[in-house]
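The residues making up each chain are set out below.
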Amino acid sequence: MTKKGVKISLEKGLQNQIRDFFKKGLEKGVFDAVILPVRVPGKDSYAWILMNNAKLIDQANPVPPVMPVQGAKALKALTRKGNGIINVATIMRSCEIRAAIELSKLNQVNLEKITLVSYDCPGAVPMKGYNRIPEEMEKSFQNALAGKDFANDKMKEVCGICVDFANSPADLHFGFAGMENDGILFSNSDKGTAILDTLKMKCSEDDSQWKNSVNIIKEQKSKNRIEVYKSIQPEVEGLDNLQTTFAKCIGCHNCQSVCPICYCRQCYFDSSASKQTADYLQDKAKNRGGIGFPRDKIMFQVGRMAHMSLSCVSCGQCMDACPVDIPVAKIFSYVAAKTQDTFEYHAGTTADGAVPLKVYKQDELNKIHELIKNAEPQGSQHE
Amino acid sequence: MSDWQPKILAILCNWCSYAGADLAGVSRLQYPPNIRVVRIPCSGRVDPLFIMKAFQTGYDGVLVSGCHPGDCHYLSGNYFARRKFAVIKPLMEFIGLEPDRLQFSWVSAGEGERFSEVVTKVTKDIQKIGPITKMVKGV
Ligand code: SF4
Ligand code: SF4
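Keeping their order, the protein sequence lines are chains B and R.
For reference, each letter of the first sequence is one residue, going 141 to 523 in the numbering used here.
For reference, each letter of the second sequence is one residue, going -15 to 123 in the numbering used here.
Here chain B stands alone, though its shape is the one from the complex:
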């Protein structure tokens, strides 16, 4: 199904187009404030800033090379206690939008007064590379953006396997993949359509060219994804391999605190309930011939997999934050594909519906019923 969108000239650059859009929106009152990334004074990172004046928008970079704080976390901070009276708009990467959608399904973000805008994401530069050589990284990111290069190897590894780079349920989306000098701005929701109407932006441009290009890139990325999953499998499948991979984990729990989806106020693994007495541990060590510290390295990850992999959006934040370079996000992406597939769920890609553990159907998961049946005593009369 082809869609119509607003033709956008990219002559002045995508960033300027987006800034103009937000300024116009503020001016016409379709939203009262915006949240945009602004480069920090030290020039080696970005911070999300809630702002409502056009001058500040000029200082913002709506499409920054890095993702120091996952945008969904900024929205969570803003709406944790419910939405306010003002309408706020923001532009984020697809994974940030998808995380925000997941969080709204989990009642952690309130999107009622938020307008989400996304764009064709060329990926994000890993924070660790960026903060050492920011200017160089700015340049290579700008080149990737201008060159519409969606397979740039300077980006995070998970970006190379992201099939949703141009696909998010944001209210509005700036597309430009595979297009020559123009881009296309289109709406995915009633909210988005109303905004375009108020701003008198006419949807006359056909999205088929953009869509075709996106599909071609997507196909390549799906192939990469299969390859990466194949390569990570021997490293992480099975407890021995997991233990080898996480042997160097220092237990800092960075991976959890930067994860947009890990939203619990207190994690079980940080609580005293998870801690054991010296006697217990000494006993364990005696029985096993030794135990390692910090404790629960694998259980912590398995717990996270059990609790949040159904909503993992493969944003790569955890891997970016790991001080000892464990490929956490690749592992989570791999596991998430398994658990999400069970429910034919793809985290954050649809604005409506519920997360898998919040709903059920009476007649479903026949595989599980098979298992139950296999476990039945012989000759049992029950289903």
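Hints are computed from structural coordinates only; laboratory data are not their basis.
Keep in mind the model is a prediction, meaning the values are calculated, not measured.
We put the CB at the ideal spot given by N, CA and C, even for glycine.
Heads up, a few of these hints could be off.
Here are a few chain B residues that sit away from chain R, every Cβ distance over 12 Å (derived from the structure) [to be verified]:
#1 Gly169
#2 Ser185
#3 Gln282
#4 Val303
#5 Lys340
#6 Lys361
#7 Lys363
#8 Glu377
#9 Asp465
#10 Thr482
Here chain B is said to cover these stretches of chain R; the calculated rule only asks that three of the stretch's residues, wherever they fall, bring their Cβ under 8 Å from a Cβ of chain B [said to hold, decoys possible]:
#11 29 to 38
#12 59 to 71
Using the hints provided, position chain R with the ligands relative to the given structure of chain B.
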């Protein structure tokens, strides 16, 4: 290894399977003494982490038993339990635990006999798989 006996954690719903176990006891039905029972309000309360913890602590198997579909005391808890169960299975495969170490069954309060059959069957299954060695290392 011949005298090895599996230890199985049985997580039973208060309203059906636990009562079923009670009935089995009252009716003096025999079943293997390998299970250690934890009573919970509803099978929907079972967090995947409970199960992983049980394996980490050294249980050779886990049996979760709740009400039959449609019979949940809280109307839908066992349907949610089924969904959680569907998440744990691929995770167990991922970390290389035999998925059969975890078993799920529906036993109602009136099914004392069925309870003893289920426990017998589960114990036999776990016996076949053998002692858990994987999670018991320095995890
Ligand atoms: S687990 Fe890692 S990749 Fe998945 S949502 Fe959390 S931070 Fe992003
Ligand atoms: S960020 Fe890395 S080192 Fe820290 S807890 Fe996570 S895996 Fe371990």
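Going down the list of hints, with the structure as the test:
1. Gly169: holds (44 Å)
2. Ser185: holds (34 Å)
3. Gln282: Its Cβ never comes within 12 Å of chain R, the nearest being 39 Å, so this holds.
4. Val303: holds (20 Å)
5. Lys340: About 47 Å separates B:Lys340 from the closest Cβ of chain R, which puts it past 12 Å; holds.
6. Lys361: holds (23 Å)
7. Lys363: holds (23 Å)
8. Glu377: violated (6 Å)
9. Asp465: holds (21 Å)
10. Thr482: violated (5 Å)
11. 29 to 38: Three-residue rule met by the segment 29 to 38 of chain R, so holds; n is 5.
12. 59 to 71: holds (count 9)
In summary, the structure is inconsistent with hints 8 and 10 from the numbered list given earlier, while agreeing with the others.
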